[in-house]
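Hey, can you work out the whole structure from these sequences and the hints?
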Amino acid sequence: MVERNELQVWAAVEAIRQRRPVVHNITNFVVMNTTANALLALGASPVMAHAEEEMADMVDIASALVINLGTLSKVWVSAMFKAAERAATRGIPIVLDPVGAGASRYRTDTACELATATPPTIIRGNASEIMALCGDHTRTKGVDSTEASRDALAAAHTLHASLGSVVCVSGETDYIVGGQKTFRIANGHPMMTRVTGLGCTATALCGAFAAVTLDPAQAAAQAMAVMGIAGEMAAEKAEGPGTLQLHFLDALYRLTKADVSQRLRLEC
Amino acid sequence: MVERNELQVWAAVEAIRQRRPVVHNITNFVVMNTTANALLALGASPVMAHAEEEMADMVDIASALVINLGTLSKVWVSAMFKAAERAATRGIPIVLDPVGAGASRYRTDTACELATATPPTIIRGNASEIMALCGDHTRTKGVDSTEASRDALAAAHTLHASLGSVVCVSGETDYIVGGQKTFRIANGHPMMTRVTGLGCTATALCGAFAAVTLDPAQAAAQAMAVMGIAGEMAAEKAEGPGTLQLHFLDALYRLTKADVSQRLRLEC
Amino acid sequence: MVERNELQVWAAVEAIRQRRPVVHNITNFVVMNTTANALLALGASPVMAHAEEEMADMVDIASALVINLGTLSKVWVSAMFKAAERAATRGIPIVLDPVGAGASRYRTDTACELATATPPTIIRGNASEIMALCGDHTRTKGVDSTEASRDALAAAHTLHASLGSVVCVSGETDYIVGGQKTFRIANGHPMMTRVTGLGCTATALCGAFAAVTLDPAQAAAQAMAVMGIAGEMAAEKAEGPGTLQLHFLDALYRLTKADVSQRLRLEC
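Chains as they are written, first to last, in my numbering: chain A, 1 to 268; chain B, 1 to 268; chain C, 1 to 268.
Keep in mind that the hints were calculated from the coordinates and are not lab data.
Small disclaimer: the values here were computed from a predicted structure and weren't measured.
What the simulated footprint calls covered on chain B by chain C, stretch by stretch (three residues with Cβ under 8 Å from a Cβ of chain C suffice, anywhere in the stretch; the number is not a length):
{"#": "1", "region": "23–35"}
{"#": "2", "region": "70–76"}
{"#": "3", "region": "101–112"}
{"#": "4", "region": "232–246"}
Think of the CB as a built atom: it goes at the ideal place given N, C-alpha and C, for glycine as much as any other residue.
Structure follows, in C-alpha cells:
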C-alpha cells in the first residue's frame, strides 16, 4: 500500500471546486444529463455541444475535452475529429471513451481512427472495449463488458505503448496504465453497474481532474477514486439503482477530505 | 379471475435476471436514460444505438429490438427500417411504440409504414395512438391520450387482424389483444402519468420480456404487470412524480415473487 | 413591496392544472427529460419534437412554443425557424432560451437571427446570454453566466425596445423587463445552479404560464416565482443537487396556495 495521499485526490477535488474548469463534452444522448450533473456536483462547469460550426469556439473556452462514442453517428464523429484536433493544438487534455467498441465494426473503427489521428491524453473503457481497441475481437455483449478488467491489462499496455495515452480499464478493480507505475483502485460498489452512464460519468470526471492535474495517470486515478468513493457512499443510502444515482450526485457534492482518506483503496 | 401464475410473471423476471438479454433500442431523446435504467434495474442489458452503419451489428447481438418514434426524424426512421428488417430476418421479437401517432401526419404515416413493412411482434401505445394507427383520426392532444384504453379495443383487434401483431393498449387498465384471449391488467397508479417516459419504459420492458417469453401476448402482459406493480410500490413511497421515478427503478430492482403474487391484478 | 397577488401566481398554477396546455418544446438533449418532467409535474402537457416534417402539425396543437438553443445544429435550427414562423401565424406565445449565447459565434448569431426573424414573446437567459444578444461580447464561461443578473438590465431594456419581447434575466435575483414595470423575483436557492437544466426548465415553465396568462411579463414572473419557490422547498429537503432535482419535481406537483403566498418574494 503506497502513501494514500500520493494521488493528492483531495487537493485535486479542491482545485476543481475553486477553479470550476470548463469541460467540453461530445457525448451520447443517454448520459448527457447524468454526466453534466456529475460534473456540476463535483464543481466543474460542463459544456455539451456538438455542432461543427462551434467546435473551435467551444474547445477554446474549455480546459479539457471529453469524447464519448456512446451514440455515435457520421455528423457527430466529424465534430469529434474537429474538436480533438483543436484540443491538441491548444494543448488541453483529451479524454476518449470508446463506448461499445467491439460491439460493432463502426464503433471499433471510429474509436481506433480517433485515437490514432489525435492520441488521447486518457482512454477510459471497460475490459471489452480496451481489448477491442487493440484488435482483440473477443466476445462483446452490447455495451457491458464480458471480461474482468484484469484481463485487459496486456491490451492497456499495448495501447499505451503505441499511442502514449494513459489507459484506464474500469471494472471491479480499476487499472490505470501509463505512468511510472500502474494504479489499482478498488473502490466502488456492484450496484453501480445497474445505473446507466456511470462509466461515461467516470470518463467525464477524468476530464475534470485532467484539467487541474498535470500528470494524466494521476488525474485518471483521482477520477476513478472519487467515482468509487462516491458510489460507495451512495450505495450505503440507496435502496436500488434509482436512488443510488441521486445519492451519488449528492456524495460528489458533499465529498470531504475525511471521506477520501477513510475510504481510498489504492495500490500501485 | 384466472390463475394468477398463468402469466408466469415471476418466472420471466427470473429469466431476465439470469440471462440478461441484450435489448437494442432505437428510441427517443427524452426517455433514453429512463428506459436504459429501467432495463438495467430489471436485469436486462440495454443497447441504445441508431447509426445505420452499425444497425446490422447491433441487431445481431440483441435478443429483442425496440423501436420508439418519440423524437423521430428522417435519418433515424431510416435506421429503424433497417433494424426492423434485420430483426425479422434473425427472428428476434420487434416491439413498436408509435409515440404521438395521430398528433402529426408524419408520425402516423411513419408508424403505419414501419408496421406494414415489418409487422412488429408487439405494438404498445395509448388509446389515441392505437386508434390513429387504424386510421381513426380522433382528437389527439400531443403525446398524451385523449381516450380511455377501453375505447381502443376495436382498433386493437383490427390491427391484430391485419398485421398479426399483439397489440397492447395501455391506460388505467391495460389491454393486450392478440393471443387466444385478451388480457386485462389493472395494476399501476395515476401518478405514473405525471412522469415522462413511463409509457416508453413499458415498451422497452415488453422487449425484455419478449426476449425470454415465447408467447408475445404473455410477454406483453408480463411487462405491463411488472410496470404496474413496480409503479404501485413506488407510489407508496413517493411524494410526487420526481421521487416516484427513482422508487420505480428501485422497485424493479428489488421486485420479489411475493410482490408479484400479492399485487397482480390480471383478468382475461 | 407590491400586492403579492398582483402576479396572480396561484390562479395561473390552477389554470395550468385544469387546462393542461400543450407546450411544444424544441430543446436540447441534456434537459429534455428534465423539462418534460417539470411541465408534467406542474400540470402541463409537454411535446418534444423537432422534425421539420411535423413542425406545423405540432405547433397547431400547442398553446405555446419553447425554443432552446442548448445543443443546436443546422437541422434543428431550421426546424426552430419553421416552428417560430408557424407559432407567430397562429398567435401562440413563443419563448426563446439563447443557451450559451456569447460562448460561440454560431450560438450568438443563431439566437439573434431567430429573435429578429420572429420576435419571441419572452426571451429568458442568464446575464451573459442576454448581454451577448445585445452585441455585448463580454467574457463568457461556457453556459454558466459570468455576470450578475443586475448587470444585464440595460441589455434587457435594449432588447425589449428593439424586439418588443419581454426579457427575463435569471440569476440570484430574476429580473423581468418589458411590462409597465420591471419585476424582481428573489426566490430560489444557490444549490439550484448545481443542477443542469434548471435554467432551461424555467424557460419551459415560461411557456406553460404564457399559455394561460395573457400578459407575457406576468407569465414570465409567475414562472420564475414558481421555479424559485419550488427550488426553495426542494433545497430544504435535499442533501445535494441529486436529491434536489427530484424534490423540485415533487414540489411543483404538490405546490399549494399557501406555499406561494408564504414564500413569494416579489418586488417591482
